[in-house]
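Peer 1: Here is how the chains run, residue by residue.
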Amino acid sequence: MAGGFPTDTRGNGLTGIVPVVFAAALFVYFASMVPTIAATEVIRVSIPWIPSLGIELAFLVDGLSLTFSLLISGIGTLVLLYSNTYLAGHPQYARFALFLTAFMVSMLGLVLADDLILLFVFWELTTLTSYMLIGFSHETEKSRRNALQALFVTGAGGLAFLAGLILLAAASGTTSISGIIAQGSALKEHAMYLPILILLLAGTFTKSAQVPFHFWLPNAMAAPTPVSAFLHSATMVKAGVYVMARMHPAMSGTDVWLWTLTILGAVTAVFASLLALRQTNLKQALAYTTLMALGTLTLFLGQESGYAMTAFATFLIVHSLYKASLFLVVGCIDLSTGTRETDQLGGLGRIMPITAVAAALAALSMAGFPPFLGFIGKELKYAGAIAVASEPLLVAGAALLSNALMLAVAGVVAFRPFWQGSVPSGQSPREAPWQMWAGPIILASLGAVFGVYPDLLQVALINPTVISLTGEIGEAKELKLWAGINVPLFLSIATFILGLLFYKFHVQLRAKLEQGFQAIPNLDKGWDSFLDGLKRFAKWQTQLVQNGKLSSYLFGTFLTIAAGILLTLVYTGMPMIAVDLSDVEWKHTSIALLTIAGALLALVTNSRIAGIAALGVVGIGIALIFIVFSAPDVAITQLLVETLIVVLVAVVMLRLPSLPKAEFRPGRAVLSIAVGVAVSLTLIAVVSSPLDLRLTDYFEATSWPEAYGRNIVNVILVDFRALDTFGEIAVVVIAALSAYALLRTTRKGDQK
Amino acid sequence: MNSVILRVGTRYLAGLLLVFSFYMMLRGHNEPGGGFIGGLTGATGFVLYAIACGTQDARAALRVMPQTIAIWGLGIALAVGLFAAIFGDALFTGQWLFIGATETEKGLPLSSVLVFDIGVYLVVFGSILTLVFAMEEEI
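These protein sequence lines are chains E and W, in that order. 592 is the number that the numbering used here gives to position 592 of the first sequence; each next residue is one higher, with no gaps. 71 is the number that the numbering used here gives to position 71 of the second sequence; each next residue is one higher, with no gaps.
Simulated from the structure, these hints should not be mistaken for lab results. Treat the hints loosely; a few may be bogus.
What the hints assert, rightly or not - FRET-style restraints, in silico, Cβ to Cβ: (1) W:ALA90 <-> E:PHE664: 53 to 59 Å; (2) E:ILE166 <-> W:ALA90: 55 to 61 Å; (3) W:TYR12 <-> E:TRP586: 38 to 44 Å; (4) W:GLN56 <-> E:PHE664: 40 to 46 Å; (5) W:GLN56 <-> E:LYS549: 31 to 37 Å; (6) W:ALA90 <-> E:PRO705: 16 to 22 Å; (7) E:LYS549 <-> W:ALA61: 49 to 55 Å; (8) E:ALA538 <-> W:ALA90: 54 to 60 Å.
Just so it is clear, CB atoms sit at the ideal spot from N, CA and C, and this is done for glycine as well.
Based on the provided sequences and hints, a complete structural model is requested.
Peer 2: Next comes the structure, spelled out in structure tokens:
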């Protein structure tokens, strides 16, 4: 990415503009719903999708989903505008814009879906599109590895998530999310509550990169910076948080919910803050602060109090605003100087004044200084933490520590590169073009505007969101810049002092942290050996199952058939079979003897040609049976096929060396007898049960008057069941072409 | 198999089988026969030809690549299926035309069903020959 800003700031023409306009239109569309939602109403649209399963294409706009939608489409617009310049002239920009827009739409679908199955579809779509985006620079090995890692971790979580959703739907009897929430606390008393919770959290924790699944998120920074700004600040990683929030009214309040979310959230928040401070790479540092934010959001979702919910809603917005802004600033710094390492940056404030202002505004919000929205968010966090009935000290302690560390990281990321040191020699930074500073400035300014006028946000989004989270009106607490002298204020002051100390000594701290983290096991290190192990296992089991020996394939196939039939017979009970041999005529007996003789000859002969001819006798015997029971069409087909097979096999077999002397293989003998017995028993059972003739009667009655044909078999083939026949002949063509391709390939291989 | 008698005999036999296969296909709607059986019979003729005279001759006699025939058959069958949609019927509904029909005589019946059967015939015929020729040439 080094090498300065693109000289041509016009971007990518129409390919660049259309997505921006599209995203902006979506934002305006969602913004137009704010008055309705602010009046504590909800909008629900549903179209039947799979009516037999009660699954609908249902979308719900309420406080929570509208907040997310506005963040997604708003930040999406700015990020797309930014990328158009950031990646100006990139040969694959169209692909990039498509992925990013597709991701945005999937994410919108995810937060708006009001049906569990629909939710899952969009959930997986975000996983897939983010895989494409993280691996956008697919020329580099690292980028591919990290994209795959993100895909595997979130995809594995997605499977657990699906299982959880299915259990949830089964437990509550509906796939409608609002329907489940309307059932109140029924779910909490359900016997399957714990499995559902564990599976859903497995999905959300992997997606939101909570400890111990946090390792993929920093690696995902291999993506172009606008992608990180979008996916890893406002959207994808918050999908997990969103689902937890969505299910909050139906599932929160139990001990398991409270402790799992509180402890893992707190651990993630503190752990990630320490990791963030350790980083020298600006983007990595921001990635870890995102983890901290996700941990904090999870922490609050563990609780039920109005304070905690208000804190959740506020911090969600605060974080998205400042984090997207800072990521975009880092992108500007990166393009301008060619590096993201803090050690090699300094004195940019005078050269990039607008970017510096945006960075400062965002960082002050992040650090929680008044009068920014971040300050209100922090005060609410402390108020929410103290309101935690069970363990206020733990929650408040975690919040204090992570906030102080956040302040230090804000300094490292947004203060140091601009206002300390001087520009190192060899760099010739410039101010970013307007398309690139517009996004950060707008987002960061919003943090300040909402800080001074919190009422704007309160009515429009915070109150409705809290209603979504608690299910009750009036739980939301007021957003105030000055809430009087109280405990949160003292905690804020403590945060500032502690944070500034952390910042002052961050270089020394970093060295200490480096040593400390060496001792902690990191799943990322084991990742490659895990993947290698998986590949070795796949290879081993493939060689076991597909060893290339035709006889072992046949053995496996017949073993499955025999076992399947016999086990079914044992479990369902052997049908009482009374074989009545009174109406057997001499011709039946002679056909049977002929067939048996052919089979026995094929078994014992040493000559290939005799074996083929013997098998032909068996086939002709079967054709004779068809004739005896007056099915001429089937008999003719059978005869012709038998003839062709004998000719074909003879063509091949005659060129092969003669068979070795037939030896007796007990295993195969047992298997073939078992298959024979199983099939015979089934046939006798079928024949002895009364035959349902309704279909036969129908065809006999309608064949002539409706299809003008007297040969029922053929009329069925070409008229009544023409679609089936079409399917069959398609299979015939495919089989012939595949066999042709195989034969041709081997021949060419031989010629080499 | 370098036998003059076999080669000459097979030529006539193959021709007869081909004619017979058309007959089998056409009568299929009312008597035993039809596209599957017809296709198999026709293919048998060319398989014999290929064994007696070699696949090069057989291919030359066929003029068209067998896989082309199979795919054409599939295409014809599909077209017949779609054809019903023009008349607003469900896919693959048979369409009938009775030329010269009067009150007592039903006239000459023509149907899309027969065309579908021709498609089946070509698929079976082409697919078998694709396989047999490839196997013969392989060895």
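Peer 1: Each hint should be assessed against the structure and marked as holding or not.
Peer 2: Hints, verified against the model:
1. Evaluation of the 53 to 59 Å hint for ALA90 of chain W and PHE664 of chain E yields a pass: the beta carbon distance comes to about 57 Å.
2. For the pair ILE166 of chain E and ALA90 of chain W, the supplied restraint of 55 to 61 Å is violated, since their beta-carbon distance comes to about 35 Å.
3. Against the hinted window of 38 to 44 Å, the Cβ-Cβ separation of TYR12 of chain W and TRP586 of chain E comes to about 39 Å, which satisfies the hint.
4. At about 45 Å, the CB distance of GLN56 of chain W to PHE664 of chain E agrees with the hint of 40 to 46 Å.
5. Remark: the range hint 31 to 37 Å for GLN56 of chain W to LYS549 of chain E is upheld by a beta-carbon distance near 35 Å.
6. In this structure the supplied range 16 to 22 Å holds for ALA90 of chain W paired with PRO705 of chain E, their Cβ-Cβ distance being about 19 Å.
7. Restraint check, LYS549 of chain E to ALA61 of chain W: a C-beta distance of roughly 39 Å breaks the suggested window 49 to 55 Å.
8. Checked against the given bound of 54 to 60 Å, the beta carbons of ALA538 of chain E and ALA90 of chain W, roughly 45 Å apart, lie outside it.
In this structure, the hints that do not hold are numbers 2, 7 and 8, in rising order.
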